[in-house]
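Q: Sequence:
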Amino acid sequence: HVRATSSKTQNDWKKLLRAAKGCVVARAGRGWRRHSVGKRWQDFRRGGDLGRPTPAVCSTGIALANPHTDPNSHTDPPGLSVMGEAEHRGGWFWRAVRSLKLPFLPLFPGVWLSGERLPKPERGKMRVHKINNVNKALDFIASKGVKLVSIGAEEIVDGNAKMTLGMIWTIILRFAIQDISVEETSAKEGLLLWCQRKTAPYKNVNVQNFHISWKDGLAFNALIHRHRPELIEYDKLRKDDPVTNLNNAFEVAEKYLDIPKMLDAEDIVGTLRPDEKAIMTYVSCFYHAFSGAQKAETAANRICKVLAVNQENEHLMEDYERLASDLLEWIRRTIPWLEDRVPQKTIQEMQQKLEDFRDYRRVHKPPKVQEKCQLEINFNTLQTKLRLSNRPAFMPSEGRMVSDINNGWQHLEQAEKGYEEWLLNEIRRLERLDHLAEKFRQKASIHEAWTDGKEAMLKHRDYETATLSDIKALIRKHEAFESDLAAHQDRVEQIAAIAQELNELDYYDSHNVNTRCQKICDQWDALGSLTQSRREALEKTEKQLETIDQLHLEYAKRAAPFNNWMESAMEDLQDMFIVHTIEEIEGLISAHDQFKSTLPDADREREAILAIHKEAQRIAESNHIKLSGSNPYTTVTPQIINSKWEKVQQLVPKRDHALLEEQSKQQSNEHLRRQFASQANIVGPWIQTKMEVRALRPSLAEPSRASPGRRYERSIVDYKPNLDLLEQQHQLIQEALIFDNKHTNYTMEHIRVGWEQLLTTIARTINEVENQILTRDAKGISQEQMQEFRASFNHFDKVNGSLCPRPCPPPHSPLQGDAEFNRIMSVVDPNHSGLVTFQAFIDFMSRETTDTDTADQVIASFKVLAGDKNFITAEELRRELPPDQAEYCIARMAPYQGPDAVPGALDYKSFSTALYGESDL
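If you read the sequence shown in UniProt numbering, its first letter stands for residue 1, the second for the next number, and so on.
Please note that the accuracy of each hint is not assured.
Stated by the list, open to error - With a straight-line Cα cutoff of 35 Å, these simulated DSBU-like cross-link-like pairs (lysine-lysine) come out:
hint, residue 1, residue 2
1, K136, K277
2, K125, K136
3, K654, K626
4, K417, K443
5, K144, K203
6, K147, K162
7, K385, K365
8, K647, K665
9, K203, K368
10, K644, K557
11, K203, K239
12, K385, K305
13, K255, K203
14, K144, K345
15, K236, K188
16, K439, K459
17, K215, K162
18, K120, K147
19, K188, K162
20, K353, K439
21, K147, K136
22, K136, K162
23, K147, K188
24, K626, K472
25, K305, K345
26, K477, K417
27, K188, K215
28, K353, K385
29, K305, K188
30, K120, K144
31, K626, K614
32, K472, K345
33, K472, K614
34, K144, K305
If you are wondering where the hints come from, they were derived from the structure by calculation, not from laboratory data.
The whole structure should be built from the sequences, with the hints applied where relevant.
A: Next up, the structure:
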């Protein structure tokens, strides 16, 4: 037993000792025990005994203990008796270890791991015995290829710690790491490559070395999760918590994989660069722990490889059988198709057979050739593989040998010979038949298209409703059709000849051809018969229509004048006659009586015209001719004639009644005319007589002369009741719409005007006399002057108060000369009305004969006020004139426009002339 006596050197060599501990822990092989060395190591760290050395397995998975030994046995494994005896005896080696004060597992893990038995150790306790025992172990280690440089049994027996630890690392490197090989690389590189491949799928893991890449602990967890995913929940690990990650990996490895906890998480995290050898040693434990699975995988791969070869061979056999069956089946189906020489009916079907054959040559056969070739290649390849894999030769099933396939292929090749040539010859034959058939169909289609509608046209009885011109056009059209029909005779003969040839060549569709040809021939015969029948019907109808046309023409010639006579008669009978005398109405009655005497002859003419129409209708109906419409020569139908005749018969009595009423009315009007004329012939002359009497021409010298004019006016007014009676009679005439009266030349309008003129003349004369008296008194005109003025005025007076120029006025009259007369007329008649009253004449004569102010005198006066200037100012007017008169002049004077004008200058000349009416101001 090795007692763990703690010392300060324990922590110094902890890592290396843990590595040494790990070397004795390996992955258990199939059927071997697992040993918890880790648990014993934990007991050792707590200060307990390691107890008896535990059996272990070597790095290759071969257990050191006998597999037939009791699993619960605690006996030393074979080959460890020397170490066990040395331990039990407290030999020099263990004492040397104890002298180093190191908690240590058995010193020679290489011996322990090898699984081989060493020579029996010496029993002595002397130094020489210890050295001999150590040399035996060192020789064994050296025989395994471990090079121990500068170290011997004496250094170990003497307790040289440095040399002893170096030897331990060398042993670890040899037995735990050096045997690791991945793709022919060194141990370290192979172990690193193994780690990289196993951790490649994991995030945040990038193994590039054996120090820094393992600090976060994710790489350890990834190795475990890759092989035992049920032990670790990798997705819950965090890169920023390396201590938890490391402890989780160490605990899981120790608990479930029997890999002792060789490393401390705090040491790895707290070290800038973790110890590479310690991590390599710990990682190698994972490699060995999972190497058993790799070996099982290798064994499975070998089995799979053998099975794959066998499966591949079986697959090739199955493929051969399947391909051979398919190819033979294809040959079996194709040969009857190629040997079929039954011709098709149509060229399209034969061309389809040719196209199918070409598709067979171009599409279907080449793959089968490839399949046949590939089938032979697969057969030879399969036989070669079977021979190389020590398998018996492949024997296809009966009928599927390569020779069977070759025989079937030769039969196929023979069937192909002549098939294409037969197809081409048959196609050429069918092409000729199709050409004839197409020619037949083309000619038949042209003929049928030409004949389409011809029977209906020939059977159509359109001539029954046609006019004579239409019949003539139909006859000409029919003649053209007969010429066209004769021209188509050759085509019908050609169609029959082609059909005969197709029958002789045994055309497949001869039945349809014959049927169509027979139909065409029958139709042709029917067209000939219908053509002759139509010609006869057209000619017969033409003769009948010519007769009807003559009747229509005669009807039109007689119906048109008769219709015009009736329209004129209706117009006359309905005419609104206007008569004013009894003679006129008596003339209308006489003319109407004369018209009524012609009605019997008109009725006989009407009956004759209608008989012509009835004859035309009879001919059409008896010959089944449907007249297309009314008479082409006239629009006057019998219905129109009868209707208008009835209208005439109705209008004649109405006209009689109207004429009698008008006759009675004219007799009444004549009485009114005579009554009015008798009264008008009395009143009219009386007024005319009174207008010609010049009773009022009193002398201006005697003012009392005005009283007889008033008495004369009263006598005229007393005659007014005679005019009122005449007005009453005129009212009756107007109500009767009487516009003329041959019994008198006087109208009521003339009488009214005469009466009004009479009254006006009387009033004017009285007024004139009164004004003359006033003028005479106001102007101091003497009696002689007034008489001279009256003589001059009467000389020109033509309409009682109007002046008309006389070529030679009386001597000593101031109205001498045309120029002077025109000047005077412009003064007394400024409006140019042509009428000058005696009062205006007296005013003019008084101005001409008396001393009065003139415009020139006023201008001269304004010039004096203006200081001989051509204008005057407002200040001068206000200075010289009274204020109201000055403002009157300023408001009415126009601004002066002369060259010597000054601001505010006024034109007194235009103002002065305007005062006397000599300007437009």
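Q: Confirm or reject each hint.
A: Comparing the hints with the structure gives:
With a CA separation close to 27 Å, the supplied pair K136 and K277 stays within the 35 Å bound. At most 35 Å may separate the alpha-carbon atoms for a hinted pair to count; K125 and K136 meet this at roughly 15 Å. For the proposed pair K654 and K626, the alpha carbon gap of about 42 Å is over 35 Å, so the pair is violated. Our distance criterion of 35 Å between C-alpha atoms is broken by K417 and K443, whose separation comes to about 41 Å.
Among the hinted pairs, K144 with K203 is inconsistent with the structure: their alpha-carbon atoms are about 41 Å apart, more than 35 Å. Taking the CA atoms of K147 and K162, the gap is about 16 Å. The hint holds against a cut of 35 Å. Simply put, K385 and K365 have alpha-carbon atoms about 30 Å apart, close enough for the 35 Å limit, and the pair holds. Restraint check for K647 and K665: satisfied, since their Cα atoms lie roughly 27 Å apart, inside the 35 Å limit.
Restraint check for K203 and K368: the C-alpha separation of about 53 Å exceeds 35 Å, so the hint is violated. Distance restraint check for K644 and K557: the Cα-Cα separation of roughly 18 Å lies within the 35 Å cut-off, and the hinted pair is therefore satisfied. The straight-line distance between the Cα atoms of K203 and K239 is roughly 10 Å, inside the 35 Å bound, and the hint therefore holds. Straight-line distance between C-alpha atoms of K385 and K305 comes to about 14 Å, which keeps the hinted pair within the 35 Å bound.
At roughly 25 Å between alpha-carbon atoms, K255 and K203 fall within 35 Å of each other, so this suggested pair holds. Only pairs whose Cα atoms come within 35 Å are accepted, and K144 paired with K345 is rejected, the gap being roughly 95 Å. Distance hint between K236 and K188 is fulfilled; the C-alpha atoms sit about 31 Å from each other, no more than 35 Å. With a C-alpha separation of about 31 Å, the suggested pair K439 and K459 falls inside the 35 Å cut-off, and the hint holds.
Taking the CA atoms of K215 and K162, the gap is near 28 Å; set against the 35 Å cutoff, the hint holds. Annotation: proposed proximity of K120 to K147 holds, straight-line Cα distance about 23 Å (limit 35 Å). The straight-line distance between the Cα atoms of K188 and K162 is roughly 23 Å, inside the 35 Å bound, and the hint therefore holds. A C-alpha spacing of about 25 Å is found between K353 and K439, which places the hinted pair at or below 35 Å, so the restraint holds.
Taken as a hint, the K147 and K136 pair is honoured in the structure, with Cα atoms around 15 Å apart against an allowance of 35 Å. Between K136 and K162 the CA atoms are separated by roughly 21 Å; this keeps the pair inside 35 Å, and the hint holds. Using a Cα cut-off of 35 Å, the hinted pair K147 and K188 holds, with the two alpha carbons roughly 18 Å apart. For the proposed pair K626 and K472, the alpha carbon gap of about 16 Å is at most 35 Å, so the pair holds.
The straight-line distance between the Cα atoms of K305 and K345 is roughly 63 Å, outside the 35 Å bound, and the hint therefore fails. Between K477 and K417 the alpha-carbon distance is near 66 Å, which puts this suggested pair outside the 35 Å criterion. For the hint linking K188 to K215, the alpha-carbon distance of about 18 Å falls within 35 Å, and the restraint holds. With a C-alpha separation of about 45 Å, the suggested pairing of K353 with K385 is violated against the 35 Å cut-off.
Taking the CA atoms of K305 and K188, the gap is about 30 Å. The hint holds against a cut of 35 Å. Of the pairs offered as hints, the one joining K120 and K144 holds, with about 19 Å between alpha carbons and a cut-off of 35 Å not exceeded. For the proposed pair K626 and K614, the alpha carbon gap of about 14 Å is at most 35 Å, so the pair holds. Our distance criterion of 35 Å between C-alpha atoms is broken by K472 and K345, whose separation comes to about 54 Å.
Distance hint between K472 and K614 is fulfilled; the C-alpha atoms sit about 24 Å from each other, no more than 35 Å. With a C-alpha separation of about 34 Å, the suggested pairing of K144 with K305 holds against the 35 Å cut-off.
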